[in-house]
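**Q** Take a look at the letters that make up each chain.
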Amino acid sequence: MTVKQILKDNHSILLKKWFQATIDTYPAQSAKILGKDVDRFDNPVGAVTRETLEDILHLLADDYTADTLEKALDPVIRIRAVQAFSAAEAVSFIFALKNIGETIMDSAFAREFDRMVDQVVLAGFNRLMKCREDIFLLKATESKRRIHAAFERAGLVQELKEEDLLGSKKS
Amino acid sequence: MADELTPDELLDKIDYGADSGNWMDTTKSVQIRPGMYCYAAKAESVETLGLPNARPWNPVEEDWKLPDDWQQILHEGIKVRLERFRTFKIFMDVCVRCGACADKCHFFLGTGDPKNMPVLRAELLRSVYRNDFTTAGKILQNIPGGQRLGGNRPLTIDVLKEMWYYFFQCTECRRCSVFCPYGIDTAEITIMARELFNLIGLNIDWIATPVSNCYQTGNHLGIQPHAFKDMLEFFVEDLEDITGVDCTPNFQKKGADILFITPSGDVFADPGTYTCQGYLILFKYLKDKYGLDVTWSTYASEGGNFGFFTSHETMKRLNAKMYAEAKRLGVKWILGGECGHMWRVIHQYMDTMNGPADFLEVPVNPITGTRFDNAASTKMVHITEFTADLIKHGKLELDKGRNANRIMTFHDSCNPARGMGLLDEPRYVIKSVCDNFYEMPPNTIRENTFCCGSGSGLNAGENMELRMAGALPRATALKHVHEKYGVNTLGTICAIDRAALTTLCEYWVPDVEVAGVHELVGNALILPGEKERTEDLRMEPLPGCEEEE
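Top line first, the protein sequences correspond to chains Z and U.
Numbering of the first sequence is given in our numbering, commencing with residue 420 and proceeding in unit increments.
Numbering of the second sequence is given in our numbering, commencing with residue 622 and proceeding in unit increments.
Don't read these hints as lab results, they were simulated from the structure.
For each residue, glycine too, the CB sits at the ideal point set by N, CA and C.
Some hints could be false.
[What the hints assert, rightly or not] Covered stretches of chain U, going by a simulated chain Z footprint (3 or more residues, C-beta under 8 Å):
1. 1079 to 1085
2. 1123 to 1135
[What the hints assert, rightly or not] One-sided and incomplete, this derived list gives chain Z residues near chain U with beta-carbon spacing under 8 Å:
3. P446
4. S449
5. R459
6. F460
7. N462
8. I498
9. V501
10. L557
11. E561
All chains, please: the whole structure from these sequences, using the hints.
**A** Quick look at the structure:
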């Protein structure tokens, strides 16, 4: 028996508990609605959260790298990055996986599982920073566009194109 | 009766968990969080309009610099409006808190904040109404625990701040009202709340300054007439490069057939500018082929009306210039561009505010003979109705191949869709100028459309987190068609949308561009005497004209 095998065998229960723990990070009145399993377009937070957590569990039960974890976490972190969470609260749902892990595996496996969860947390934190940077860049880009458009129309910046001004986005 | 619950199952549904807090308690929730609120109105903008309590203030500071008798002003303000607007009175009384609207709001779905459930947002104001204006409320407030029992709250500074915070987290999109069994128009509750805020100087700057500019200079950005004309002339130069045809428009032409009014965003903000170029191409085509004379105006140079987000009186003042200019120029009727809230103002308020416009004719398309009876009263026709009519009668020569690189979907803008029922004409136009069109899921389009998250004056930069959270439901549907059908362009008929959805795409669905419907028309329309086109209106190579790398 390996941790990966335990994760495969207990996929459904892990997902159910982890999803509930994640949704419970929202205020109780909201969690009742966001936790419903309805059409994904009627409840995008619930649907995206469930799908993302499922992807992460599959990755942990299979092969993963820091990059694949971060990419898989993107949809849910991207949402939490614009909601009323502090940085710690935004990624805290990942730690819940440790407690859930303890309920289904003995301590030797649980320690190994904890280390796996730590990697997910780090990937989550990376992605949160990236999303927050995206938000600040959007603010900057909108301002730059407005200012640049005004200068261009006044004939003051013939040479400098919008793409040059927005170059920082590519890096 | 297998679908009936057993007593045990019913008991299981009772939540014995800890109470997560009562919504009436403001101590925790009045956290004016950066990223979620818009900056306060500049004093000079409030002054220009002659609105009360012009002064610098900051929502995150303790002291909002309110007049000493602010409670009395608001109390009187509510009283006057309850008597003046029957809808407001009914909407305050009739809600049974069924919760049908709760999960229909894009801001609730995106933020997960329970106070963004439309019912609870409205309760913030209703609780004050119940306390101060209903008999039951007046009795209950004298009984210990009575206020909580009745859901009444006295109008304290915390209650006011909470209302301000959340009524500027509503875009007045009216999606919730589609699902309300009583037909409560929650947008009207927000409209009333914002009107009340303006009585004590609590507007946001992204509304107040455009309104002030519009009132003083003629458009939201405060662009003066000569600069407005210059911009259109820049477009004419670009269009001559692209098509080889001079599309110079008329300005303030007396005796023209039609006055054209569009939001100034089309003239000054990408990608709306390409839509604007589409209008210029269309009007040139109609002039050369059919002799139709359309004029623009630098006086009525703003179709949008942020007065709508301020007060009825302010909306009326800004709207009046449309009729005034139409009368001065002696046109037959008015054609309106691709805009969102402009159309709710025109369709639902203009005629009773500034009408009847007896000096104008019931709009008839002189080229097809179609009489627009839907606009018989306002005398103002939406350009997609007009263009759809021309296409339907085979009056436009179109080359769809020029839009072959566009795989389209269409975002119904809230106000044209829910405010005037304009659902099929834009789709008909898009399908007539482009072969690739895929709808987003049915619960996210037409009457059920999700807001862009930036309407009703909330398209500022400082509230980006709010805008992106509110955009989530629309983005989820867009991402779906992007991944399933390869959709690369989101068509829309609203100037705010063209700006807001561009940013939405950058955050949520980076490979999708935003385009106005008449940008596509401008690409496809074959102008008499045009050269062989190799570029689209964005000056990017047309399909088949790409240089080999």
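**Q** It remains to establish, for every hint, whether it holds in the given structure.
**A** Status of each hint after checking the structure:
1. 1079 to 1085: holds (count 3)
2. 1123 to 1135: holds (count 4)
3. P446: holds, 5 Å
4. S449: With a closest approach of 5 Å, the S449 of chain Z hint holds.
5. R459: holds, 7 Å
6. F460: Hint holds; F460 of chain Z Cβ to chain U Cβ min 5 Å, cut 8 Å.
7. N462: The hint holds - N462 of chain Z has a Cβ within 8 Å of chain U, the shortest such distance being about 7 Å.
8. I498: holds, 6 Å
9. V501: holds, 4 Å
10. L557: Interface hint status for L557 of chain Z: holds (5 Å vs cutoff 8 Å).
11. E561: Nearest chain U Cβ about 5 Å off; hint holds.
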